[in-house]
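**Student:** In the working numbering, the protein residues as written are 60 to 186.
These are computed hints drawn from the structure, not numbers from a lab.
Cross-link-like lysine to any residue pairs, in silico, SDA-like; alpha carbons within 25 Å at most:
1. Lys-173 to Gly-143
2. Lys-110 to Ser-147
3. Lys-110 to Glu-172
4. Lys-173 to Ser-158
5. Lys-173 to Gly-149
6. Lys-173 to Ile-141
7. Lys-173 to Asp-140
8. Lys-110 to Gly-91
9. Lys-173 to Thr-184
10. Lys-173 to Gln-155
11. Lys-110 to Ser-81
12. Lys-173 to Gly-116
13. Lys-110 to Ala-150
14. Lys-110 to Arg-163
15. Lys-110 to Tyr-171
16. Lys-110 to Gly-149
17. Lys-110 to Cys-80
18. Lys-110 to Tyr-169
19. Lys-173 to Asp-153
20. Lys-110 to Ser-158
21. Lys-173 to Thr-186
22. Lys-173 to Gly-148
23. Lys-173 to Val-89
24. Lys-110 to Lys-173
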Amino acid sequence: NKRGGGSGNKYHNHNHGNSTCSDVPGWHDVDGPDFDCEWYAQDDRCTRYGKLYANFGMTATSACCDCNVGINHNSGSQCEDISGWHDSGGANYDCQWYSEQADRCDEYGYRYEKDGYTANEACCTCT
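Let's have the full structure, built from the sequences with the hints guiding it.
**Tutor:** Shown next, in the form of structure tokens:
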């Protein structure tokens with residue numbers, strides 16, 4: 060395997076400041092169940108691979124708490140869009156565009172990466 064062995068299939072909660080973040084249950088990357096959030100939490104794997112190998116419409120950056128520093132999936136927590144981000148389709152396709160129709164995140168949110176992020180990672184409305 061090109062990235063080394065897996066770590067099992069355990070999911071856990073993390074405390075980040077005053078909020079608790081939970082890994083997306085059952086998520087693993089496109090290479091298979093060995094590459095789950097626990098695998099990404101080791102060493103510098105989030106940095107090296109966290110924006111690659113999307114599966115189920117998200118990468119480890121959005122699925123795993125250890126990889127999504129600054130992105131919070133708890134509805135009661137403050138979330139901020141990545142300032143100035145738009146997808147690779149052009150400036151019209153920014154977080155505001157994704158928020159205007161409910162199905163846009165599901166339909167396009169994992170595609171059209173720009174500056175290392177998809178809408179599922181850059182826009183609060185999609186996380």
